[in-house]
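For the record, the sequence lines run as chains A and B. One rule links them: number in this note's numbering = place in the first sequence (from 1) + 1084. Residue 372 in this note's numbering sits at position 380 of the second sequence, and the numbers go up by one each step.
These aren't lab readings, by the way, just hints derived from the structure by calculation. Some hints could be false.
Derived BS3-like pairs (lysine-lysine); straight-line CA-CA distance at most 27 Å [as the list claims (entries may be wrong)]: (1) B:158 <-> B:454; (2) A:1116 <-> A:1239; (3) B:22 <-> B:165; (4) B:177 <-> B:165; (5) B:177 <-> B:110; (6) A:1383 <-> B:177; (7) B:22 <-> A:1383; (8) B:454 <-> A:1383; (9) B:454 <-> B:383.
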Amino acid sequence: MFDYHALAPELILGVTLLVVLGIDLIVSERHKYLAGVAALVGMVTAAFPLLTLAFCDAIAECTDTGSRSLFGGSYVFDDFALVLKGLFLVSGIITLLLSVGYLESDDYYQGEFYFLVLASVTGAVVMASARDLITIFVGLELVSAPAFLLAGWRKGDLRGNEASLKFFLTGVLATAVMLFGMSLVFGLTGEITYAGIASQTALLDLGSEPAFVMGVVFVLVGFAFKVSAVPFHFWAPDTYQGAPTPVAAYLSVGSKAAGFVGLLVICYQAFAAVPEIWGPILWVLAAASMTIGNLGALKQTNIVRLLGYSSIAHGGFILVPFAMAASYDSVGLADAFFGSITYLLIYAFMNLGAFAMVIAGAAKAKSHEIADWAGMNRYAPMTAGLLALFFFALAGIPPLAGWFAKFVMFRAVLGVFESGWAIALAAIAAVNAVIALFYYARVVKSVYMDEVPITVPPAEAAEVPTAPSLVLAIAITAVVVIVVGFFPQVLAFFGEAARVFSS
Amino acid sequence: MDWFENGWGLSLIVFLPLAGALLVLLLPRKQERAAKFTALIFALASFAGSVYAAVTFELGSSAQFQFGTDLSWISAIGSRFHIGIDGISLPLLVLSTLITLLCIVYSWNHWPEPHNPKAFLVLMLVLATGMNGTFVALDLVLFFIFFELVLLPMYFMIGIWGDRTKIRIPGFKREVETRLYASIKFFLFTLFGSAFMLLGFLALYFKSDPHTFDMIALAEAGRAGAFAGAFGGWVFAALFLGFAVKVPMWPLHTWLPDAHTAAPTVGSVLLAAILLKLGAYGFIRISLPILPEQARDWAPAIAILAVIAIIYGSLACLAQTDMKRLIAFSSVGHMGFVMLGIATLTDIGINAAVIGMVAHGLITGLLFFLAGSMQHRYHTREISRLGGNMKLMPVIGGLLGFAAMASLGLPGLAGFWGEFMALLASFNPLDGLSLTVFRTAMVVGAIGTVLTAGYFLWMLQKVNLGEPPAEWTGKELHDADRFELAAWAPLVIAIFAIGVYPKIIFGATDGAVVNLIRSAFGG
Chain A
1085 MFDYHALAPE
1095 LILGVTLLVV
1105 LGIDLIVSER
1115 HKYLAGVAAL
1125 VGMVTAAFPL
1135 LTLAFCDAIA
1145 ECTDTGSRSL
1155 FGGSYVFDDF
1165 ALVLKGLFLV
1175 SGIITLLLSV
1185 GYLESDDYYQ
1195 GEFYFLVLAS
1205 VTGAVVMASA
1215 RDLITIFVGL
1225 ELVSAPAFLL
1235 AGWRKGDLRG
1245 NEASLKFFLT
1255 GVLATAVMLF
1265 GMSLVFGLTG
1275 EITYAGIASQ
1285 TALLDLGSEP
1295 AFVMGVVFVL
1305 VGFAFKVSAV
1315 PFHFWAPDTY
1325 QGAPTPVAAY
1335 LSVGSKAAGF
1345 VGLLVICYQA
1355 FAAVPEIWGP
1365 ILWVLAAASM
1375 TIGNLGALKQ
1385 TNIVRLLGYS
1395 SIAHGGFILV
1405 PFAMAASYDS
1415 VGLADAFFGS
1425 ITYLLIYAFM
1435 NLGAFAMVIA
1445 GAAKAKSHEI
1455 ADWAGMNRYA
1465 PMTAGLLALF
1475 FFALAGIPPL
1485 AGWFAKFVMF
1495 RAVLGVFESG
1505 WAIALAAIAA
1515 VNAVIALFYY
1525 ARVVKSVYMD
1535 EVPITVPPAE
1545 AAEVPTAPSL
1555 VLAIAITAVV
1565 VIVVGFFPQV
1575 LAFFGEAARV
1585 FSS
Chain B
-7 MDWFENGWGL
3 SLIVFLPLAG
13 ALLVLLLPRK
23 QERAAKFTAL
33 IFALASFAGS
43 VYAAVTFELG
53 SSAQFQFGTD
63 LSWISAIGSR
73 FHIGIDGISL
83 PLLVLSTLIT
93 LLCIVYSWNH
103 WPEPHNPKAF
113 LVLMLVLATG
123 MNGTFVALDL
133 VLFFIFFELV
143 LLPMYFMIGI
153 WGDRTKIRIP
163 GFKREVETRL
173 YASIKFFLFT
183 LFGSAFMLLG
193 FLALYFKSDP
203 HTFDMIALAE
213 AGRAGAFAGA
223 FGGWVFAALF
233 LGFAVKVPMW
243 PLHTWLPDAH
253 TAAPTVGSVL
263 LAAILLKLGA
273 YGFIRISLPI
283 LPEQARDWAP
293 AIAILAVIAI
303 IYGSLACLAQ
313 TDMKRLIAFS
323 SVGHMGFVML
333 GIATLTDIGI
343 NAAVIGMVAH
353 GLITGLLFFL
363 AGSMQHRYHT
373 REISRLGGNM
383 KLMPVIGGLL
393 GFAAMASLGL
403 PGLAGFWGEF
413 MALLASFNPL
423 DGLSLTVFRT
433 AMVVGAIGTV
443 LTAGYFLWML
453 QKVNLGEPPA
463 EWTGKELHDA
473 DRFELAAWAP
483 LVIAIFAIGV
493 YPKIIFGATD
503 GAVVNLIRSA
513 FGG
């Protein structure tokens, strides 16, 4: 019998997509928000099968069909996939919570927006399970294509147009490069599934075959664009700035995480036999992303751009555990997975929270310029306090969750401390952690220690309400950031589950 | 009380202030009285707990960790909630809870601008949890968390309530307010050090077999030579960076004068009295027992840096025109004596370091309180503008004289023991350490004590004695009020008591120190 239980999350999302489209067609302009509600309900519902799948052994009615691998190994449900599907759904849910109030305040078309977000999340959920070249490609495009549209949502805004066009052109270029790489890999190995590619690579000893090396490099470059790793990052700050802020939040968390997952899985499954090709490339990408991202963020005056550069730097930190791939044994590899996935989970909550505060703060200060946010704690102490919370969490200051992310990252790379390259990368990461503090603290300084600028009338700004859905999003992320800071085991549990992924 | 001894006691001492902070946070901002009483009660409870711990502490086995517990915390990385105190951490823990309590008492009606008691109290209480926790943590990750927990509150304390004087920083086009410059400098320096310290911790974890973050297990492994060779050297260097910034040791001290000067009174007191101790405590608790071989290699270098700090601190003091800055630089010198004591790797030296830390906490704490109160009245800290303080404010003036005398190491007061014994220990350091270096260090250090006496007497003469300048005559200047006296009296009593009867401290520390030296260095 076909394993409908395993596919349930995707099926639910697919049905919800249709329902959202339908609602958008039927309901009147005033009730468009129902499309958002439907999308939200769909994503929450899709999360339930994840739980029943994860705890299948413990449920009496659950018929365990053995290995949950569908379509000849192309589509796999292990704990790794489940954890990441959960992450994508949560980031999708929070993105929608951020969007509801934001869209209402600006009178945009709503139905399509929710449809596109939902489609993109569905793509990410597919990617978590994909274990062959075609599925991963389809998944990735399903993530990206709606994102191109979302980035250009503000049709009348020049920056919005620039954001969308830049994102689209670089995205398509990346796709083309990646497809070329994939076709080379397929041509040389004759295999589509990751397992098949890995075994053929070892069998035919393709590690030194120039065309194969080129194929691997092209695939990496394609993914590097998607995760905006330096030197393929330049689109990110512009796109984040021009896109509606909730979309920027989604791009920097959901779609970025999808890119990382695709990258890590393809490296560790399809190219598992040739880590000497991609290991050094990831080392360079990690070091460059951390450094350039941080240095770039130092001089930003726009808070969204600042978060854009900061997300580039965080991307570097996430890559750090994998840079030493060639020297890991199986324990080290599991630690590396644990490190990257845990970082990704914590980063998702911190960054979504930070963007939520940007939306809340910008509504009060009527500006995205950091200078205009000065003295916000005078008229909006809650907003200022939570902003400081998320920004210091991103900086990795204990006892906020970010410290644990940095910690597991260092832990993974120092697991091979005999290697000079590992120590060098750890040192680069340590210096970057300090640089990062400087720009996060600069925002907090402005908010807490500077005088309110004359352009902002404090009494009026204090009156600006925060949308209930936004408050909910902030509450969820803030609680996670604080609780995980004190009891990291809460999220580390998921990271540990994800490290079961092997071969 | 069984529950107190099996971990609950220490946990309460550490986390009661944090609970108090949460409670204060929930109070409306208008309810200042409620906020103050809540903070006071929680700080008092934490202090009472530490006093009870001190009273019931078994002095006979002070080398053992008492009142401890070891619970599962982050199983994914093998880190545990392992706490406990021995004779070395006990005095520092009591000092930390006491100073926090006194700071709240002092603040009762001395709120720095911008007036916001609620936020200020929250920060103070969070800070207290970080400080207390550092002294009880026996797991490296737990230690790291508490060690870093102090950064945020202190950053906000300096940055929001700090000095608003504008200064020109070389390399910057515009003038910046002191508080802004000092707060970020403090934050960046400390974070820089601790980032590398964390790398060192992780390296220890991976080198130990089985992997562990437990300080006691790591110390055993260290004694067995698990971290020998170049590896240990790198790890020691990484830890050194973290601790030396915090102490601070010359030449990593440059954040200190700025931070101390810019911080509000209570901030300066907490910085000087407790935060500086965290670094030196880290050396004693982590670097020496876990990496004894490297400690031996590095000892002469640390001794040299320590005496440079002593001399540099005193000379810098002589050049200061600002009272708070003078006291700040004197801290550099005093912490130099503490580090010199540690560098000798002898039981006398480390006993000297611990008593030196406690004494410095009490004395410099008092000095910063006094400097703050004087600034509150004169609205200036310029030594040249002050004078005749004894006539204008006899109580504050008298206490200033007392604290300065204690700080310059007058026998019979607490400051004497740390300096004297550090010098004594460097006459006869651990076998195998270069006698030339340490005896030279002793001579130079002794010269340093003379210089210290010099600048403190010079300051007293300028500020306290003589006729008040015309600017102050006829002005209505209130002498110390009852909150100030309530905050200072315990410090004065403790300075006397330890000066006359140092066994209060040595009784606790000696057993633990002797055991540390014997097991790590066989001395």
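Residue 22 of chain B and residue 165 of chain B were given as a pair; does the straight-line alpha-carbon distance stay at or below 27 Å?
Not satisfied, since the Cα-Cα distance of roughly 40 Å exceeds 27 Å.
Just to be careful, I want the Cα atoms of residue 454 of chain B and residue 383 of chain B compared with a cutoff of 27 Å; is the pair within it?
Satisfied, since the Cα-Cα distance of roughly 13 Å is no more than 27 Å.
If you draw a straight line from the CA of residue 22 of chain B to the CA of residue 1383 of chain A, is it 27 Å or shorter?
Violated: residue 22 of chain B and residue 1383 of chain A sit about 39 Å apart, past 27 Å.
Restraint status (C-alpha distance of residue 1116 of chain A to residue 1239 of chain A at most 27 Å)
19 Å, holds
Is the hinted pair residue 454 of chain B and residue 1383 of chain A satisfied, with a Cα-Cα distance of at most 27 Å?
Roughly 46 Å between the alpha carbons, so the hint for residue 454 of chain B and residue 1383 of chain A is violated.
Are the Cα positions of residue 158 of chain B and residue 454 of chain B separated by 27 Å at most?
Distance of about 26 Å is within 27 Å: holds.
Hint consistency between residue 177 of chain B and residue 165 of chain B [alpha-carbon to alpha-carbon, up to 27 Å]:
18 Å, holds
Given the hint that residue 177 of chain B pairs with residue 110 of chain B, test it: the Cα-Cα distance must not exceed 27 Å.
25 Å, holds
Satisfaction of hint between residue 177 of chain B and residue 1383 of chain A, Cα-Cα up to 27 Å
The given pair, whose Cα atoms are some 18 Å apart, holds under the 27 Å limit.
The structure shown violates the earlier hints numbered 3, 7 and 8.
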